[in-house]
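One line per chain: the protein sequences are A and B, in this order. The first sequence begins at 1 in my numbering and counts up one residue at a time. The second sequence begins at 1 in my numbering and counts up one residue at a time.
Honestly, the hints are just simulated from the structure, not real lab data. You may find that some hints are simply not true.
Said to hold, decoys possible - On the chain A side, residues computed to face chain B include the following (Cβ under 7 Å): (1) P9; (2) T13; (3) L16; (4) F30; (5) A45; (6) G46.
Claimed, not checked - Computed list of lysine to aspartate or glutamate pairs in DMTMM-like fashion (alpha-carbon distance at most 20 Å, straight line): (7) B/K286 x A/E43; (8) B/K279 x A/E10; (9) A/K38 x B/D154.
Given the structure is predicted, the values throughout are model-derived calculations rather than measurements. We treat Cβ as the ideally placed atom computed from N, Cα and C, and that holds for glycine.
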Amino acid sequence: MLKSLYIDPEKCTGCLQCEMACSLENTGIFNPSQSRIKVFSFEDAGRKVPYTCTQCDEAWCMQACPVDAIKLDKHTGAKVVEEETCVGCKVCTISCPFGTINYVAETGKVQKCDLCGGDPACAAACPTEAITFVDANWTGLERMRTWAARANEASL
Amino acid sequence: MGWTRKILRVNLTEGTCKAEDLNMTWAKDYLGSRGLATKYLVEEMDPKVDPLSPENKLIMATGPLTGTMASTGGRYTVVTKGPLTGAIACSNSGGYFGAEMKFAGWDMIIFEGRSEKPVYLMLENDRAELKDASHLWGTSTWHTEEQIKKDNQDPQIRVSSIGKAGENQVLFSCVVNDLHRAAGRSGVGAVMGSKNLKAVALRGTKGVSGIEDFTEFAKVTKEKKAILAENAVTGQGLPTYGTQVLMNVINEMGALPTRNHKSVQFEDANAISAEAMAKPRESDGKAQLVTNAACFGCTIACGRISKIDKEHFTVVNKPQYWGASGGLEYEAAWALGAANGVNDLDALQYANLICNEQGMDPISFGATIGAVMEMYENGTLDEAAIGVKAPFGSAAALCELVDMTANGVGFGVEIGLGSKRLCEKYGQPELSMSVKGQEFPAYDARGIQGMGLTYATSNRGACHLRSYTVASEVLGIPVKTDPLTTDGKPELVMAFQDATAAFDSSGLCIFTSFAWSLADIQPQIDAACEGEWSLEKLSQVGERIWNMEKMFNLEAGLTKDDDRLPKRLTTEPAEMGPAKGLVSGVPEMLPKYYEIRGWDTEGHPKAETKARLGL
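Go ahead and model the full structure; you've got the sequences and the hints to work with.
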């Protein structure tokens, strides 16, 4: 079964455990500035919103890369940057409509979410289940369940 | 390692910023944050200095677990000599600022001297620069944060700043970071103001790499997070209701100080409680509470984010206050509400917003208003003197006076002196509900006896966060004790004080201690830091820090007389509730406390105590 990250901003408290977990997994240290998932704060609304790559099927980044450095991981569906091939041209960062692939000045390469090979550290670290890793065909399941419960209550 | 092993020394008089190695001998004896910063202060500064002179130093310090995945690992402490108290000041804050300091590669920043012109420190990794802050002076903490991000074209900067209250040296002004978190007590904001230091802006991209054993650390911090999640207080009570869960509980115990401690129960407590915050308002059908929120790394998320009704009298035609913002937390709701007999929830949130916006401690501000209202009612002060009618219960007066104090207008300037100086000025010193000049927080010393001793002996003046015996006396953590007796309280207070000093010095939040004991933070520190960190060592670090703070105060000129409660609490019995007929037993507890501390009858640590602790 293919799985995908599912983000529910309503549950996010802004603790940044996801950013810490992501940086630990990918760089070996605690460094949110190197995290591939970012939590945005919308102060006026009191909302925190985690955001990362959604792994588009026809990924703009992959198609734009002139050296084929972005590969599909068939096992997870993730679009993965091959660091040794990447030349740091940044064309992918221009082509991605969502901004979720970014250049890293320190390495001269780009980085993006690779779903940690099928066990995303961000989802494991999230204390409120604002980030979950679920059946890619049923990311709407929890929301459907919530509304089904309301329909059920109304009919009682 | 845990530590970055680097400190930044900023001399504001000279305009210089210099990197230094962290003194690792001290780090191993005082851990970090509260303990280590106080050690630096004690070693470098004469405790007799005027707190608002250039001779005072101000230190912002992280702990070894700040900026890590340990739950709540985002705290930093502001340590200086407090202008409200003349004692050691040590104010702890969450938000994201502390972790950013570590990510930039620093354990602490020491500020010395006084700048001729307003400046702010911009610290981006290794690059430290004092920048002109003339355009920020006279503006709020909210504007300052926004403007610094704009000026530097970087939305990811984290900012700690003072508002107008700190600039005006309001004696209970605080340092605000991330819009609504604050190093709140003892007037640390006024010290920044006296130095012409408007703000500290941080941007760190280095991360925390110096963890002794990453694998063990990841494992043990995950196990400890599970304990917080499963605990009724940290897993359910605090995220759902926030600290405000206490309002009705403490009121029912007869320990909710009301109308400047004249009473111990507030008839309208429910109207200013967590339950009221979650209930749709009659006016606009919406609840004040929008959501809960976490500080950096925190898996508890007790913070409250709220909105005031746009039609409420405090914010009509003021759209800048219509958005979501921090509050109400229990201490602020009590100080602005019950302490003054005010029951208008949105008025309390408005006063709270102004405290955040211009950088004031809502506890000391609210409690000082309580004294003002009592002096208004007893005829000492009248409308002409104050500028408004100020009877107990007046939401209008509260909101008018918060504006006046925050902006340094009229009688607000006198309120900014705090209740002790204000009440002395008007010949009624006994009406200041304070110890060492710092106002009480939200627990009456007659209804919760351990808290009386906590206030009397707190090194930074009256405070609940030095030994929160409420945990034991009310919630039964770690064991239930009877709140109405003094038996065993000196021992309880001492144990809590020492453990809290260790928690505070680690970089973690003391709220974890509802679920964790020292034995739970010990393995986290041990995995992060080099060397052996046993439970015994950690306990002794806590006791050492407590005694060091006490010795600072003694050298600053404080005496046994400063370990007393106001007469009201020791001579006027509670008139209602479970504590009816009781006064605070501090006078009988204090000698026993000194004795078990290894102090003489005047409260001076004995030679053998100092020797045992290496002081």
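Q. Out of the numbered hints, which ones does the structure contradict?
A. 1
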